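A.B. asks: Here's the letter readout for the chains.
Number of protein chains: 2
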Amino acid sequence: MAKHPPRTGTPDGTTAERVWAVSAQLFREKGYHGTTTRELAERLEMTRASLYYYVSKKEDLLYGICTEALHHVMDAVRTATDAESDPRERLRALIRAQLISSLTEIDLHATMLLNLHQLTGDQLKEVIALRDEYEALVGGVVRDAQAAGVLRDDLALRNLILVLLNMVNWTLTWYRPGGPLQPEEFARVIGEVYLEGATAR
Amino acid sequence: MAKHPPRTGTPDGTTAERVWAVSAQLFREKGYHGTTTRELAERLEMTRASLYYYVSKKEDLLYGICTEALHHVMDAVRTATDAESDPRERLRALIRAQLISSLTEIDLHATMLLNLHQLTGDQLKEVIALRDEYEALVGGVVRDAQAAGVLRDDLALRNLILVLLNMVNWTLTWYRPGGPLQPEEFARVIGEVYLEGATAR
DNA sequence: GTCTATAGTGGGATAGAC
DNA sequence: GTCTATCCCACTATAGAC
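Chains as they are written, first to last, in our numbering: chain G, 1 to 201; chain W, 1 to 201.
Just so you know, these hints were derived from the structure itself, not from any lab.
Among these hints, one or two may not hold up.
[Unchecked claim] DSSO-like, lysine-lysine: derived pairs with alpha carbons at most 27 Å apart:
| hint | chain 1 | residue 1 | chain 2 | residue 2 |
| --- | --- | --- | --- | --- |
| 1 | W | Lys125 | G | Lys30 |
| 2 | W | Lys30 | G | Lys30 |
| 3 | W | Lys125 | W | Lys58 |
| 4 | G | Lys58 | W | Lys58 |
| 5 | W | Lys30 | G | Lys58 |
| 6 | G | Lys57 | G | Lys125 |
| 7 | G | Lys30 | W | Lys58 |
All values reported here derive from a predicted model rather than from experimental measurement.
Let's have the full structure, built from the sequences with the hints guiding it.
C.D. replies: Structure below.
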């Protein structure tokens with residue numbers, strides 16, 4: 001376990017928080033196994049030994065990043081969908097919340113989604129369970145919409161869920177903060193294509 | 001460079017081909033940096049030294065897998081889209097060809113898409129260039145459809161392309177051959193949602 | 001909380017016999 | 001084409017002083 005697991009909402013700027021932020025940044029750039037504790041320490045401007053004051057092993061960094069990312073996105077999505085009652089609007093709110101929350105903390109979220117399977121043992125199990133919980137949350141919103149007659153019933157519920165997750169998740173592999181694409185705009189695009197399709201009327 | 005770069009269409013069963021196939025399999029399971037030459041040799045039932053008869057360095061395996069995957073999918077997509085003239089049908093053919101070609105050789109394609117950035121130097125540049133070429137091919141089909149008035153013009157071309165790639169690419173992260181989901185069926189689902197949307201009529 | 005120094009392991013890759 | 005043996009380096013992690 002981490003000596004100092006990341007705490008969401010802690011006032012920023014502490015060294016402990018820099019350790020987590022820089023780890024996520026590096027893990028996203030080079031992958032978990034592609035990142036060495038040497039590079040990490042270098043970018044933090046400390047020695048490797050100092051790094052181990054904050055964390056007891058490298059894998060704890062990945063574990064902490066994954067759990068924080070998942071709690072973060074679940075909170076955002078729950079808050080957003082709870083605020084809407086119309087099934088269509090709940091879907092749009094879901095897309096918007098997931099996309100914006102994951103793109104504004106992209107190091108965390110991209111690291112989680114793309115490196116989760118490098119965890120081992122109980123940490124792997126726990127994170128998989130959290131991710132399943134998140135997907136169940138998404139699945140519930142889609143299921144309700146289909147049950148309300150808002151979504152097509154000639155497509156299987158499972159497929160409707162998978163397509164939606166595809167549309168949102170792959171964005172994390174290519175999005176670059178500060179680039180031309182605005183998360184708000186792209187969330188609208190995904191919502192439009194998912195609900196209305198790309199065909200001209 | 002690889003001593004024996006993979007040749008598509010070669011009669012199977014040679015040891016050289018097993019080396020490429022098993023590498024792709026392992027890289028998909030554990031990631032490029034997460035896979036050791038020891039594991040690779042073990043699964044091939046040979047020694048590490050023997051492995052180096054087929055390849056001069058580990059990175060050449062990744063490079064060969066990436067280029068083969070990209071050539072493979074480009075061939076499939078070009079053939080499929082050249083056979084159609086209607087812009088809508090070309091889009092459906094594109095989705096079907098990309099999805100089926102990448103899911104039937106998923107070890108190759110998932111390794112390529114998810115580990116491409118672990119390459120370095122010229123090999124990285126070459127593979128990025130190939131991938132850009134592939135995306136330009138996809139982009140052309142979408143552009144033609146929008147120009148023909150088939151796709152909405154209230155959504156930017158760039159966004160229409162990105163959403164489509166999202167829908168197809170993320171599938172490689174979760175698809176398991178032999179599972180309940182049929183590639184043919186899921187290609188139809190993506191085509192339907194992309195063109196018509198998920199809303200009930 | 002940060003350091004120097006180092007332990008101890010496992011990594012990619014090579015030499016050279018058969 | 002496959003092997004045994006080995007090199008050498010980079011890796012994660014720890015001990016213990018300040």
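A.B. asks: All the hints need checking, so say for each whether the structure fits it.
C.D. replies: Status of the hints after comparison with the structure:
Only pairs whose Cα atoms come within 27 Å are accepted, and Lys125/W paired with Lys30/G is accepted, the gap being roughly 16 Å. A hinted pair counts as satisfied when its Cα atoms are at most 27 Å apart, and Lys30/W with Lys30/G qualifies at roughly 15 Å. In summary, the hint linking Lys125/W to Lys58/W is supported, as the alpha carbons are separated by about 17 Å, within the 27 Å threshold. Taken as a hint, the Lys58/G and Lys58/W pair is honoured in the structure, with Cα atoms around 24 Å apart against an allowance of 27 Å.
Among the hinted pairs, Lys30/W with Lys58/G is consistent with the structure: their alpha-carbon atoms are about 17 Å apart, no more than 27 Å. For the suggested pair Lys57/G and Lys125/G, the alpha carbons sit about 18 Å apart, so the restraint of at most 27 Å is met. Straight-line distance between C-alpha atoms of Lys30/G and Lys58/W comes to about 17 Å, which keeps the hinted pair within the 27 Å bound.
Checked against the numbered hints listed earlier, the structure breaks none of them; every hint is satisfied.
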